[in-house]
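**Student:** Sequence:
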Amino acid sequence: MKKITFFACVFAMMCLHAQNDDTASSTLNFAKGTQFLNINFSLTTGNTDVEAPTQNQEIKNFGISFNPSYSYAVSDNLFLGLGAGIGFNSRDIELNGMDAGENTTNSFSIFPFVRYYKGVGKRFGFFLQGETRYRHSKAEVDNANPRKTNTFFVGVRPGIVFMLSDNFGLEATFGDLGYTSSNVDDEATGTETDFNNFGLSLNSTNLFFGLSYYF
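The sequence shown lines up with residues -18 to -1, 1 to 197 when you count with mature numbering (1 follows the signal peptide of the UniProt record, and there is no 0).
Since the hints were made in silico from the structure, they are not lab data. One thing to keep in mind: the hints can contain errors.
In silico PhoX-like cross-links for lysine-lysine, where the CA-CA straight-line distance does not exceed 25 Å [what the hints assert, rightly or not]: (1) 130 to 42; (2) 100 to 42; (3) 100 to 14; (4) 104 to 14; (5) 120 to 130.
Could you build the full structure based on these sequences and the hints that come with them?
**Tutor:** See the structure below:
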């Protein structure tokens, strides 16, 4: 929630700045042949306390991911690109002040994408990114009982960009709409499960901030 609130404030400030830009003829535009390198990240932290007559439970959550990418403009404002990502999540559980276990998840992903920009000011614009993403993750409890998940996603995600200069831009993407297919192999139980879903996600895990270098 804090991250979403911060994003909303940044978004509002960028919109106000864009309205003060000169004229529509000077809106943000990326010419054919433009390239960019991007690194975006997501950071999530939080604590949950549960009090009951017989026990008190505290859960500490932490997650971080990095997603570098490269893209090339095949026409004005239309880019084709390729990205990769790594991520780590942990969940520490305490019962009545004693350690009750740690759940950890490590993941990597690869995602070809297409992105189209629409400028609304000299330095501000929206973009829509269509992508195909493959993600592999391995979850463990106290470094044992691994659960491996392979996920395939096809869909779109919206975003905004604010150019700090002619070459550097801050960007954010939020949420996604698309089809997700997952296969989960749980070695602890010896079971394998498939999941399929189509829908809109506004989860904070799909909120990314990044820095791009255009050249």
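**Student:** Which of the listed hints are broken here?
**Tutor:** Going through the list in order, the structure violates hint 2 alone and respects the others.
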